[in-house]
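Residues per chain, in single letters:
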Amino acid sequence: MMNRFGPSHVKNTPLNTGLPNPWSAILVAVLLVTFPLAMSYMGEDFYIGMGSRILIMALAATALNLALGYGGMISLGHAAFLGIGGYTVAILAKAGLVSALLVFPLAILMASFAAFLIGLISLRTKGVYFIMITLAFAEVFYYLAISLPNFGGDDGLPLRTRSSVPGIRLDNALTFYFFVLLLSGLAIVLMYRLVSSRFGRAVVAIRENEKRMAAIGYPVYRIQLMAFTLSGGLAGLAGALLANLNMSVTPHMLDWHQSGILIVMVILGGSGYFWGGLTGAALFLILEEVIADHTEHWNLFLGAMLLFIVLAAPNGVMSLRDRVLGLFNRSGSNADSKGSSEQEVNK
Amino acid sequence: MGYLIIEQMLNGLQYGLMLFLLAAGLTLVFGIMDLINLAHGSLYMIGAFLAATFFQMLGSFFPALLLAIVATAFIGFILERLLYRKLQTMSHLSQVLATFALILIANESIKIIFGAQPLMISMPSGLSRAIEIVPDELYYPAYRLLIIGVGFAVAIGLYLLVNKTRTGMWMRAGASNREMAAVMGVRIKPLFTLVFVLGAALCALAGALLGPLLAVTIGMGESILIPAFQVIVIGGIGSMRGALIGSLLVGMIDTVGKLLLVLGLGFITDPTNAGTLGSTLASLSISVLMVAVLYFRPQGLFPARG
Numbered sequence: 001m002m003n004r005f006g007p008s009h010v011k012n013t014p015l016n017t018g019l020p021n022p023w024s025a026i027l028v029a030v031l032l033v034t035f036p037l038a039m040s041y042m043g044e045d046f047y048i049g050m051g052s053r054i055l056i057m058a059l060a061a062t063a064l065n066l067a068l069g070y071g072g073m074i075s076l077g078h079a080a081f082l083g084i085g086g087y088t089v090a091i092l093a094k095a096g097l098v099s100a101l102l103v104f105p106l107a108i109l110m111a112s113f114a115a116f117l118i119g120l121i122s123l124r125t126k127g128v129y130f131i132m133i134t135l136a137f138a139e140v141f142y143y144l145a146i147s148l149p150n151f152g153g154d155d156g157l158p159l160r161t162r163s164s165v166p167g168i169r170l171d172n173a174l175t176f177y178f179f180v181l182l183l184s185g186l187a188i189v190l191m192y193r194l195v196s197s198r199f200g201r202a203v204v205a206i207r208e209n210e211k212r213m214a215a216i217g218y219p220v221y222r223i224q225l226m227a228f229t230l231s232g233g234l235a236g237l238a239g240a241l242l243a244n245l246n247m248s249v250t251p252h253m254l255d256w257h258q259s260g261i262l263i264v265m266v267i268l269g270g271s272g273y274f275w276g277g278l279t280g281a282a283l284f285l286i287l288e289e290v291i292a293d294h295t296e297h298w299n300l301f302l303g304a305m306l307l308f309i310v311l312a313a314p315n316g317v318m319s320l321r322d323r324v325l326g327l328f329n330r331s332g333s334n335a336d337s338k339g340s341s342e343q344e345v346n347k
Numbered sequence: 001m002g003y004l005i006i007e008q009m010l011n012g013l014q015y016g017l018m019l020f021l022l023a024a025g026l027t028l029v030f031g032i033m034d035l036i037n038l039a040h041g042s043l044y045m046i047g048a049f050l051a052a053t054f055f056q057m058l059g060s061f062f063p064a065l066l067l068a069i070v071a072t073a074f075i076g077f078i079l080e081r082l083l084y085r086k087l088q089t090m091s092h093l094s095q096v097l098a099t100f101a102l103i104l105i106a107n108e109s110i111k112i113i114f115g116a117q118p119l120m121i122s123m124p125s126g127l128s129r130a131i132e133i134v135p136d137e138l139y140y141p142a143y144r145l146l147i148i149g150v151g152f153a154v155a156i157g158l159y160l161l162v163n164k165t166r167t168g169m170w171m172r173a174g175a176s177n178r179e180m181a182a183v184m185g186v187r188i189k190p191l192f193t194l195v196f197v198l199g200a201a202l203c204a205l206a207g208a209l210l211g212p213l214l215a216v217t218i219g220m221g222e223s224i225l226i227p228a229f230q231v232i233v234i235g236g237i238g239s240m241r242g243a244l245i246g247s248l249l250v251g252m253i254d255t256v257g258k259l260l261l262v263l264g265l266g267f268i269t270d271p272t273n274a275g276t277l278g279s280t281l282a283s284l285s286i287s288v289l290m291v292a293v294l295y296f297r298p299q300g301l302f303p304a305r306g
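Just so you know, the sequences run in chain order F and U.
All letters in the first sequence, in the order written, are residues 1 to 347 by our numbering.
All letters in the second sequence, in the order written, are residues 1 to 306 by our numbering.
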């Protein structure tokens, strides 16, 4: 029991695993700032666009991670919030409104509102029902996007220009990257404040033991609804950025496959881990880029990989890391098993 | 006008019964094992593709249909043994991921084997004409009547199986309380294999029957999966009666509701607008129905769990 007195004996309680290490934040920030500068220096504009895409999907996956990883709410409908954010930008652009200062907050607001309404009903149910209902709700928005002629139907809506920000021109790939980095950075800081706050702890605790939290007197339903709404709003911001990146929105954005992909990203990166969304989105998009270069059957590979992950690491990829670390850490407490905290306390 | 509505009601009945073929298997898998299976639609797609292939090889419809059912049931059996048996003990999230992976694999494999082009099945030659139901007023395609007939026959068969046989009693017991049923001596694992294989066979039946009406395409499974989910949520998970009534409700709203909405909206806006708006509203009203059911009866209309 050497590390009994070190910090590690409290490290792996469910309430702590999701908190980031400050050094990792600095590392991530340095990496994200130097990458596009290096690419720009080498004249590889394609990779700057790719970087923007990774950041945007990372934001969306981080948003889902709040609901799915931290809150344990398996939402199979997060693509809807992505789509609502995107469509808000596109529709306002069609009406002549392109100021990001106006359009982006509206996109977030619309997506949060949708998430609030969906959560209001879905959160009354549990388990399999919750999954199916979030899926069914997302399909409603998909149908709306595909069938309303004002929304462009199957073809979606093109954006004539990117949203305008006073003093910056977003048509430049590098500027756009840093704009995305700024916004997703802000969102990540907000997310950090959230998960390390009392509210964030309550969200995780409800995931771990809902009945106990209700018995202690926490308003379980209201906390879950708040987390779900916030998660939807963040996804809406990602959608607004995605519309700007692609210069268009299509119903494909709200397809339920997209929701599935978001879940895959969260699981790849580590559900309920702070950098899960970023790691997962980066891994997924880079893998896709590399593998799609060699074969057109990327989906087959993805499916096989997913099946392997589910069967080999049912608790997500990060549990593999914990298990590997656990092998080195045998002499200490079995830090990888859940509930070890309670054993420790009882000793 | 009145006959138009009757015709649409028959279409709704036909669509609803085909939905029921999918929902019946799905609801039992959900109900007995608490297992979420997103890939149920993929079995439907595989059934349709197999039927189309056998049809091209044999040149006749009904033998192809039977072969497709047997082959899809076999695929279901293999899947249950290799994957679903393991998934039962895993979390819902794992089940979502694994069955999502199955969809990706199924779609891509079909694309590799059959190509991206849709396949066609032609109707059995004797059934491709329309039958006169009301002289000079109402004609209805014989083939669609056959589908309605088969749908009803399967519904009655399933009713008898679930309500009148010992196996059916085990199914009901398993759906209402799995642990208790197991304690009382029901062998849940073989029962689940049976239910899953039966569900796969029903998928193939629906896929093959709908083949001549819709094109057999990649992704056809997902377009019917969502309505099947809505049916199950409305009817109540694990309930066969709920699946039937939910299917018919959804089928009727989708066709008759659409017609009435389009006609009604025709008074307000111009016809093209009314058409798109009407079909959108019809799809929406199914979701609204689902939400309403969930709000007032979270367990569905006919809950299987006591």
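Just so you know, not all the hints are guaranteed correct.
What the hints assert, rightly or not - Restricting the straight-line Cα-Cα distance to at most 30 Å, the calculated cross-link-like pairs of lysine-lysine (DSBU-like) are:
1) U:K189 / U:K111
2) F:K211 / F:K126
3) U:K111 / F:K126
4) U:K111 / U:K86
5) U:K189 / U:K164
6) F:K211 / U:K164
7) U:K86 / F:K126
Stated by the list, open to error - Now the in silico label distances, taken between C-beta atoms and shown as ranges:
8) U:L82 / F:R160: 33 to 41 Å
9) U:S91 / F:P158: 36 to 44 Å
10) U:I78 / F:R169: 33 to 41 Å
11) U:L127 / F:N209: 56 to 64 Å
12) U:I112 / F:N209: 31 to 39 Å
13) U:G157 / F:G153: 54 to 62 Å
14) U:K189 / F:R323: 47 to 55 Å
These are calculated hints, taken from the structure and not from any lab test.
Glycine included, C-beta positions come from ideal geometry on N, C-alpha and C.
TODO: Give me the numbers of the hints this structure contradicts, sorted from smallest to largest.
DONE: Per hint list: 1, 3, 6, 8, 10, 12, 13, 14 violated.
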